[in-house]
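Q: Note that the protein sequences, when read in sequence, are chains G and L.
FYI, the numbering for the first sequence is 95 to 613, going by this note's numbering.
FYI, the numbering for the second sequence is 95 to 613, going by this note's numbering.
Worth flagging that the hints you see were computed from the coordinates, not collected in a lab.
On a predicted model such as this, the values are computed, not experimentally measured, just so you know.
You may find that some hints are simply not true.
As the list makes no split between identical chains, a pair holds if one copy fits it or if it spans any two.
As a list, the in silico DSSO-like pairs of lysine-lysine whose alpha-carbon atoms are at most 27 Å apart [to be verified]: (1) Lys-567 - Lys-160; (2) Lys-125 - Lys-350; (3) Lys-159 - Lys-125; (4) Lys-184 - Lys-239; (5) Lys-609 - Lys-213; (6) Lys-609 - Lys-416; (7) Lys-125 - Lys-334; (8) Lys-340 - Lys-585; (9) Lys-159 - Lys-397; (10) Lys-239 - Lys-195; (11) Lys-399 - Lys-582; (12) Lys-399 - Lys-239; (13) Lys-125 - Lys-160; (14) Lys-160 - Lys-560; (15) Lys-611 - Lys-585; (16) Lys-213 - Lys-553.
2 protein chains.
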Amino acid sequence: MATKTVINAAGRSVPLEINGQAVIPFKGVGKHRPEGTKFAPPVPSCSDYPEDGNKLITSLEEALKKCGLADGMTISTHHHLRDGDLVSNKIFEIASAMGIKDLVWFPSASFPCNDPLIKYLDDGTINRIEGSMNGPLGRYVSEGKMKGTAILRSHGGRVQAIQDGDVMIDIAVLAAPSSDTFGNAKGTGGSSACGVIGYAKADYLYASKVIVVTDNLVDFPCIPMEIEGIYVDYVVVVDKIGLPEKIVSGTTRITKSPDRLLIAELTASFLDRSGILKDGVTMQAGAGGTSLAIAVFVHEKLKDKGWKASFGFGGSTKYMVKMLEDGQMGYILDAQVFDLDSVRSLETNVTHVPYPVFNAYNYHSKGNLTSMMDIMILGATEVDLNFNGNVVTHSDGYLLHGIGGWQNCLHARNVILPIPLFRDRIPVIVDEVTTLCGPGELIDVIITERGIAINPLRKDLIDSVKGSGLPVKTIKELKDEAERICGKPQKPVFDDRIVAAVKWVDGTIIDVIRKLKTD
Amino acid sequence: MATKTVINAAGRSVPLEINGQAVIPFKGVGKHRPEGTKFAPPVPSCSDYPEDGNKLITSLEEALKKCGLADGMTISTHHHLRDGDLVSNKIFEIASAMGIKDLVWFPSASFPCNDPLIKYLDDGTINRIEGSMNGPLGRYVSEGKMKGTAILRSHGGRVQAIQDGDVMIDIAVLAAPSSDTFGNAKGTGGSSACGVIGYAKADYLYASKVIVVTDNLVDFPCIPMEIEGIYVDYVVVVDKIGLPEKIVSGTTRITKSPDRLLIAELTASFLDRSGILKDGVTMQAGAGGTSLAIAVFVHEKLKDKGWKASFGFGGSTKYMVKMLEDGQMGYILDAQVFDLDSVRSLETNVTHVPYPVFNAYNYHSKGNLTSMMDIMILGATEVDLNFNGNVVTHSDGYLLHGIGGWQNCLHARNVILPIPLFRDRIPVIVDEVTTLCGPGELIDVIITERGIAINPLRKDLIDSVKGSGLPVKTIKELKDEAERICGKPQKPVFDDRIVAAVKWVDGTIIDVIRKLKTD
């Protein structure tokens, strides 16, 4: 089934309608002006809620029924319990048993633990997932098996979609490591602590109905109120919301691969020689092995020079916590916690504070944290000759990752992608990205084990490292080198059918993913 | 000019329209069911805000102009700077100089320092004030001098009106003791610390434009973000936002009046003998001299019995802080800070936390803090034989006070009014209140220096103190006693013209205030 498409400002063929809803093609970075007003959920009344503030209800099933769970509803969840989440699947197990059909699952991300949901996609309980689809779920989408069309949004794009009413959440089911009976809830405490639960913020602010699910009921008031009880309808206590060992790592580890360590060293050198690293710098890096190694190198350089990063935005790890505790970082603003040391730090350091993506990444607000960041370390599955980036599909055309905060982070001052030149003998630098997730004008530097390519738009950066001895090359040179080693991989062959759409941070459609032709 | 009126559920004659806007007559406690959706402010875009997050602008005048200040707009402010506020008047000084007319001032409260605004009411810069009007401002309204009709709301009612779109704020001008250039702001720090600034929450969430005015610019991030910068348009730095000695008291003082001390002792005895005071009790008391004395007595009783209040809702004072620090109170949840000890406590005690009225008092949310409170100590200018209460007018008919959180607090389990039997030889207990602010069904106990009257609806309380030796009387007996001593005061004579309306917590009109006939 072919869909009417137009060519958007990035040159990609995109539809004007997805899942029966009109959509806007990408117009260019900063070009789309939103009109109208934010989404407005129904006005509640205290007269419908218990005077003693006790919103406990016997089970999640009972809560879903009281919230009026019905065919076609949109159900949201957050992903702070990561691969240890025991709540999300339960919702659809209950819905399926009730005979409910055509739900939309709107998670802030999915994990391998959510793969069992395939059976509810198969049996019609779930129409589609709007959110990241990794591994088997992505493969399921790429093979054209999902009934509805997937919509991929960045973390900030998800918040924008909720705030603007592009997605209307009927029921938000929010797992919380600690909650009081009123629904004030937080990410610390109990046996399923995940540190922060800021991904739930847009959900509880804008959903029609909100259910908090906890395994650690605490006395009122549960402080800090990462979820504000005045927005919560029901509180459910269960035995276990998550598997602790899969919620946060016991310990996050830096890479041991010599190539990745070389990339990390090159990145640290580049930050140093280019002058990007400075006293008062602001930075963000992920929890991947290479990013962690970069953080350690940066920490050493700051220490050597007696400098201090003014703040770091987390995804927090023990390496960031060490910077904070050693005095090389002023604050950790935290959207997501990756390891136990970070959970401990959040509970004890007053300068380590929850900072939801709602306050950091939403392009439809009065400013973003991302554009204030000096150093942004990101990854990519592919980068092309125009510095365009892809993070969702692989070169074989399969959808295998979510966007995460990647698009939002592209708004930082210096966006640096330390990536290997090839993975499993597939070059990472290509002629044209399979799926466009981020326009090349926002990607500044590619750092590989065999050289550094700087976006020609960043003449200042090119000048800054002249004569530094760093292995600066053109991106074409890097691509050619990869192809000399690996050869040029075969391009995937796609069907016409659009199986997923990729939204830009402003809600416009930057690209689509089509069904793979499988013989 | 007579207005078309109807008789509401409280038997009061109220209009169907105020200031050209349709209004709903009071239907009874808990009877009005809100329909529709919350107010939705315009969707902003990061593309309109500086990438470096620096929203500084040279002056308040410049900021107001950039926000499009125009005739007829609604301008909101908060009252955390209390009688030391140097910002609110400035707005209208600027507007008047610009020739702007017919503004609506929508403060969370007004203070004597705002009396100079009378000249802008006179010259047409301000059409009306929707908020508390004390002293001269109230007198101005009562004498029919204000062009528009005043609307009096409780703190929670103000939040409800903003959230529901009954009042649409064009520009919120929010004074902040500390702010960063992005507009994240808080009530502590600097030379104008007022402790918390939670009254600003509904304003920044729902206003079209938000200006933060500070005299203490701090490095990003200003933590905790009591105002979230993602909602802020401009940040203005001025020399002084307030006069410290008038913002918070150096020290709040308990009453020295023997009558008031007797009332306080009787109240503490009543709380004790009735069994209302217990381990885990939740309580709120104000900062008046009698309330403070009650807090001290309650503290002693808790200490004697080895009990602990689970939390207290502030208006915080040093007496509450002492309970916290001595271990007789688990948490102070704080909406407003009255003295320096409380500011210090907020900065140092992790169990003393900001808790905005938005999260405590808004009847149109999914539960309120007030209905969870065991002990609520309130005042009144008049109480009548049906236990109805008045807090805005005096028996001479003059509007002289705002409602504050009084109406919201009536939803507590035990509402106790420790009040003198008469003030300046005017009885406080009357046949019928001059202005109805709170229905008698919500007021449980009146405690005077000459006896205690318990609402006949609270048979449980009447039974609980039988044989306790407490001087329990009927309210009629108390009224008769007052009249024997003072005589029956002359009733004020009113014109037909409605000069102010009093809203109930759900936005309906519970009563009106009419122009006083002055010969």
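Q: Of the hints stated earlier, which fail here?
A: 1, 2, 6, 7, 8, 9, 11, 12, 14, 16
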